[in-house]
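Participant: Chain by chain, the residues run as shown.
There are 2 protein chains.
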Amino acid sequence: MKQMNYNKGTGKCLNWIISEEHFLPKFQGKCETIFCLGNGYMGLRSATEESYVGQVRNCFIAGTFNKSADNEVTELPNAADMIGLDIIIDGDRFSLERGTFSNYDRSLNLKTGELIRTFNWKNSDGKEFQFTFKRFVSLAERHTLVCHFQIKPINCQADIIVKSGINGQVSNSGAQHFEEGEKRVFDKEYIQMTQLTNQSRISFIHTSHHKISNNYSELNPRFELDRRKILTVFEAKLDDGQAFELTKVSNLFTSQDNDISSVNANDIQKFALEQLKIQSKKGYNQLLEENILAWEERWNFMDIKIESDNDFNQLAIRFAQYHLFIMTPKHDNRFGIGAKGLSGEGYKGHSFWDTEIFILPFFTYTFPEIAKSLLIYRHYILKSARMKAKENGYAGAMYPWESALSEDGEVTPVWGAIDIITGKATKIWSGFIEQHITADVAFAVWQYYMITDDHSFMEDYGYEIILDTGIFWASRLDWDKNSNSYHIKDIIGPDEYKEHINNDAFTNYMAKWCMENCLYYAEYLKKEQPEIYQRINEKIEIENYLATIKEKSGKLFLPAPRDEDLVIPQDDTYLNKPTINLSQYKSQKHVGSIFRDFNLDQINGMQVSKQASVVMLMYLLEHKFSHDIKEANFKYYEPKTLHDSSLSLSTHAIIAADINHLDLSYSLFQRAANIDLGPNMSTSDHGIHAASLGGIWQIIVNGYAGIRMVGGKLRISPNMPPEIKTLSFSINWKSSVLKIELDHQKIILSNLGEDNVQLDLMGTDVSLQKEIVHEYHYALSKTTIVEQNS
Amino acid sequence: MKQMNYNKGTGKCLNWIISEEHFLPKFQGKCETIFCLGNGYMGLRSATEESYVGQVRNCFIAGTFNKSADNEVTELPNAADMIGLDIIIDGDRFSLERGTFSNYDRSLNLKTGELIRTFNWKNSDGKEFQFTFKRFVSLAERHTLVCHFQIKPINCQADIIVKSGINGQVSNSGAQHFEEGEKRVFDKEYIQMTQLTNQSRISFIHTSHHKISNNYSELNPRFELDRRKILTVFEAKLDDGQAFELTKVSNLFTSQDNDISSVNANDIQKFALEQLKIQSKKGYNQLLEENILAWEERWNFMDIKIESDNDFNQLAIRFAQYHLFIMTPKHDNRFGIGAKGLSGEGYKGHSFWDTEIFILPFFTYTFPEIAKSLLIYRHYILKSARMKAKENGYAGAMYPWESALSEDGEVTPVWGAIDIITGKATKIWSGFIEQHITADVAFAVWQYYMITDDHSFMEDYGYEIILDTGIFWASRLDWDKNSNSYHIKDIIGPDEYKEHINNDAFTNYMAKWCMENCLYYAEYLKKEQPEIYQRINEKIEIENYLATIKEKSGKLFLPAPRDEDLVIPQDDTYLNKPTINLSQYKSQKHVGSIFRDFNLDQINGMQVSKQASVVMLMYLLEHKFSHDIKEANFKYYEPKTLHDSSLSLSTHAIIAADINHLDLSYSLFQRAANIDLGPNMSTSDHGIHAASLGGIWQIIVNGYAGIRMVGGKLRISPNMPPEIKTLSFSINWKSSVLKIELDHQKIILSNLGEDNVQLDLMGTDVSLQKEIVHEYHYALSKTTIVEQNS
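Same order as they appear, the protein sequences are chains W and U.
Under the numbering used here, the first residue of the first sequence carries the number 1, and numbering increases by one thereafter.
Under the numbering used here, the first residue of the second sequence carries the number 791, and numbering increases by one thereafter.
Honestly, the hints are just simulated from the structure, not real lab data.
This one's a predicted model, so the numbers in the text were calculated from it and none came from an experiment.
Hints are not guaranteed to be accurate.
Unchecked claim - DSS-like cross-link-like pairs, simulated, lysine-lysine; straight-line CA separation at most 30 Å:
#1 U:K816 / W:K134
#2 W:K589 / U:K917
#3 W:K152 / W:K277
#4 W:K539 / W:K527
#5 U:K901 / W:K282
#6 W:K127 / U:K917
#7 W:K127 / U:K924
#8 U:K1379 / W:K26
#9 W:K211 / U:K924
#10 W:K163 / U:K1379
#11 W:K127 / U:K1214
#12 U:K953 / W:K427
#13 U:K912 / W:K589
#14 U:K1425 / U:K1379
#15 U:K978 / W:K152
#16 U:K1214 / W:K270
#17 W:K586 / U:K1214
#18 U:K917 / U:K901
#19 W:K424 / U:K1001
Pulled out of the complex, with its shape left as it was, chain W reads as follows (with noise of 0.2 Å):
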């Protein structure tokens, strides 16, 4: 049975709908998710109107972090449910799991935002109804969420009753985020209902307003109250052919929000109630046109144009950035992103590396404002990764493995899983000792200041996280006298199949990389900069770490390539590890498989790794490595890694096209594409993989394109496998804007802004100052510059 549709709009719609073309419940999970709406300050899952058991019901209000028990780690609250519709038909709650459908119809506008379901449905008498649910969370105004219903009799007439309005009965698998606060009803119309987060005092007040059109319009409604909720409930008779219409707008405030001037929640409740009078006389109609213009805006800038042999290529990089741009709280910069976006339960809303390392370049290259506001957070949890360090008594900023607010400090859960051997639940190490997160995000300003300019950002911002950064790691370092050198010990990699590991290749390379990095900028802004230099001394005392993390960075051992095979050891012990038949597991189903076999102890014994490591290492710092060594590692471990974890196969995928892997590489995007859009029902079930569709992204721009900045430089070089024909989009660049056409034989390089841009291309210095039109064959690497226009 075919579920889903990738290729379903025509004309202005091709290749931006993705559709449902079945209703089953199994499904249920996915669809909730790679359906989701939202606008980066909510993210509703795109749970159906009316309720199947195993459904999930989310809608989170991005960085309204609570505890909701002195034992459990802050989360993401689910919030009132305000979508559900109770359906009742001749006595008998609507059901597609009873009575039998036709025509159904799920469809995603990643365009638009706009969420469509259509059918018919018959129930058990033979009575045929044709419905249609549409809603949409507006971008042009973010606390505003429209629905509409519709239900047609076909040759019949029934007794309707609908029951909408909004349902405090949710909770996050069972922990209760709040007390239930005050409902009300306001001139026989609105209805309210506020509730306050039990730890962080945030209150959310939930208004909406329910209107029939047209045929049932002389109803009134009567309202329920049960505990936490409140419904609007309509009775009617439906009269053959006469549809009934019900468009529900609701807006959702919380106390927290930085664009009201109160606090308090009785003036939010009433700003509330106004802003919802405005809103929903506005119909829907209206309403979606806003948000579509919102939308427009946006797709202007950030849409990539891709002709390759299957379509599902153009949907799946529009899909990636749909998300991408919907879980971002681009509107406030204390909070960052999401592991599972604003999607789903997952990883609680925290914020990892996946942000700077998969997710960021996407916006510092399309909207560089949106990277700012991402690394300003960091900036603004400085304080939870300096009270980590003196926790862990190191100095400097150590960043959570998982952060929320900047209160917070860490916040990764202690036990994870069921161990298999011993009954008990695994301790989850990351939060103690995987520690590369602190380079990453120096990594990350670096990265956003060398490819935007924005010295600004860097003086408020960008050298406090680096100097401070780089203080933690020399103090992290430990001497180790066989050797002669600075060894980081006991340490988690991006492998996490590896715990309790010495001289991870990756946290040493990058925490050399930081120190660096950080003595550089401390001797620029001491030379150019005094002023800011002084600043910042006086908050984080770096004069008196310099000298330090000179002596250690100098001798921080970094594991060298093996002479006879250029791999480098991903720690001291990997590669003495015994190896093991992988070939189950590498062609498994689900990931995690290995698990059923063996637990984490037994794992960390063996040569198999759940993600890219060394190859991760040889992305980020490229220029550090021969294409040799890239090929040797990357042949190393790719086979002995599991791509567990959803961080895995971009990264791969464009190393392999680095060094001219081309089929594995596509296959490895292919691979990524389908994570969350690919037929497998569960992978998605706890929500989006944030990370992964950054990942997207980047085998499409930094990967197949080649765009990459190199040491501060901007170089352009291709490497795109055959089944991509043309690659079309904009990036940002420092001051200027840059269009890229690309296909197998040329590339034509457009340079919008104002200024002369200087990048490698593929190989060759150039100074692009209006448009350069550059043919190539790729076989014979044969490339010329044809003509620049000025």
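Take the given structure of chain W and dock chain U to it, following the hints.
Facilitator: Using the frame of chain W, we list chain U on its own:
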């Protein structure tokens, strides 16, 4: 479609079985409630194993009250589910809403407390399976819960996954009471999950064991962990005709239990595991046998045999007794009975006057030890009652309208349903001004004493309640200059449609009775048991209050029957209020329909009553009112009473019988019996109607058999409607057990005890030595005592 069958059993099971003969999701709430299992310690709502939308999975442990948040009232927390099964067949979750089923039957055997569900089911591929589910909560070992699941493929093979375990992702309609605790697997067989209530700090320890029998016994399970959830997972390939059988034995302990020696969670975890190892070895059948023996012991005494023109009557009384028995925490006198027993979230497990006035007589006459435990509970919460009196500026003991534990005080919620006029939630005044509960408790103590002669109870508990409530009532009166008498102002009587009234007849009469009873026993104790008097006086200083009580009780205003029509004014203003045509509300399908048209303020202003009030008064203090007054008031008030409380019908049925309106009485009895058992599908969604079940017992025993304690003396005066042919049952009376057998021609009374029993038999004082056979002709009111064998 016929949903329920009330006469399914044959032979030994005749009139013991209630069955659901077709599965319809809309009847879920009703069936979950009426099929509820339990033993007074544990109450397990009978949700089906597989999940459906709208299902309410409840498991309550008596007395484990918790306040989930500061702004909530304390309630019984919904413990983790140990019943649910996810059954996945060929990749699809099993659900009766999909595919087709036949031969459906779900039956609760009231005699054994075993619930069995069987059906055949065909999935959408046409594969057929035979299903059987069985379960019971053990009456022999109150912590133990036993389930059995069997599936057999018929002419097919299939892949099956069964997930079963302990699921704490439940809540009380969204309110979460538990902090998540430890989850463990022991011996790759036993799973255990601990949760802790967030305010009262009670540990709940859930432990389960799964065993596959016969064909698939070599299967090894795997274990899945999620938030608040631990599951045992079996995967099997089912062969044609080979049944897959799973037995699950679970137990549940809390740190509040009075039968374990430690309150430490670790100790209890170990103890629970040891106990489960013993219990699980016994297997389903042996555990069931032990449970059946425990039930037999109870039924041997409490069974009431009814011959009537409708077997439903026999079943209805057994149904009532079954539920009264399983809802009552007979094991622990710190806890009372919830208004919905342990069968649903309604009324939060709180105790009301329902216990003393409606339920207690069943226990007092049948299992006096249990009645005693329930009254000791009222002594135990004197702490709450004194706290409430003090907070309200009164003296003595003022019982909370709703009560939980001794330290909880008044626990009535303050806000209720929405006011259709103001749009705000309605304030619930009962916790403030519905005060007759304090008289009801004292009345029940006295009634228990008169029926049982339990002197030691009175000395240890009863006198103190009688005296301290007397003190309260005196302090509650206001002097009214105009009438030169004491009034009770600003009150709610039993008729809750009248708020803030003065001189509610029921309250005033009962208060006077209370004060007089207090004075009587104070004088009695002073004279006969001065050391008891002294002990109580040291506690409550009764001596200081006696003069005031005497003065005030003598001058308390009692609304007298009007000269013209003998109607007793329900309160100072009721009879002056306008009447409206109530016919549409009297014939309503669902209670409370009047609120669709009026708010409580408006209802307050009309002659319309929710429930028995003056009629109730004439039942409790029957010796104070003549037959004519009873008849006049019944005829006046019943037509104005909507019976919107389930407490109303039984009292009316009894008084109707008393005044010889047997047709009306029988029809009220039928309505009462149908409150839970009847076809109206949503009446019992929030739980069983505990008081109504007690009322059903009273209709039969106190009403139709006419067994009454009047002024301390036994009176037997049957008033059987013609539809009831014979009645046969036993009661305790003081130190004796009496057997009563009656039809419309004769009564046979047997005294199974040692002492002669003095009683009023239809107006004649008799002394029952061994047996009296009393013949009478109802129509002629001719009665003759025929013989007495000694």
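Participant: Hint by hint, note whether the structure agrees.
Facilitator: Going down the list of hints, with the structure as the test:
no., hint, result
1, U:K816 / W:K134, "holds (27 Å)"
2, W:K589 / U:K917, "holds (26 Å)"
3, W:K152 / W:K277, "holds (28 Å)"
4, W:K539 / W:K527, "holds (19 Å)"
5, U:K901 / W:K282, "violated (63 Å)"
6, W:K127 / U:K917, "holds (28 Å)"
7, W:K127 / U:K924, "violated (37 Å)"
8, U:K1379 / W:K26, "violated (38 Å)"
9, W:K211 / U:K924, "violated (48 Å)"
10, W:K163 / U:K1379, "holds (20 Å)"
11, W:K127 / U:K1214, "violated (39 Å)"
12, U:K953 / W:K427, "holds (24 Å)"
13, U:K912 / W:K589, "holds (28 Å)"
14, U:K1425 / U:K1379, "holds (23 Å)"
15, U:K978 / W:K152, "violated (55 Å)"
16, U:K1214 / W:K270, "holds (15 Å)"
17, W:K586 / U:K1214, "violated (60 Å)"
18, U:K917 / U:K901, "violated (36 Å)"
19, W:K424 / U:K1001, "holds (21 Å)"
Consistency note: the structure conflicts with the earlier hints numbered 5, 7, 8, 9, 11, 15, 17, 18.
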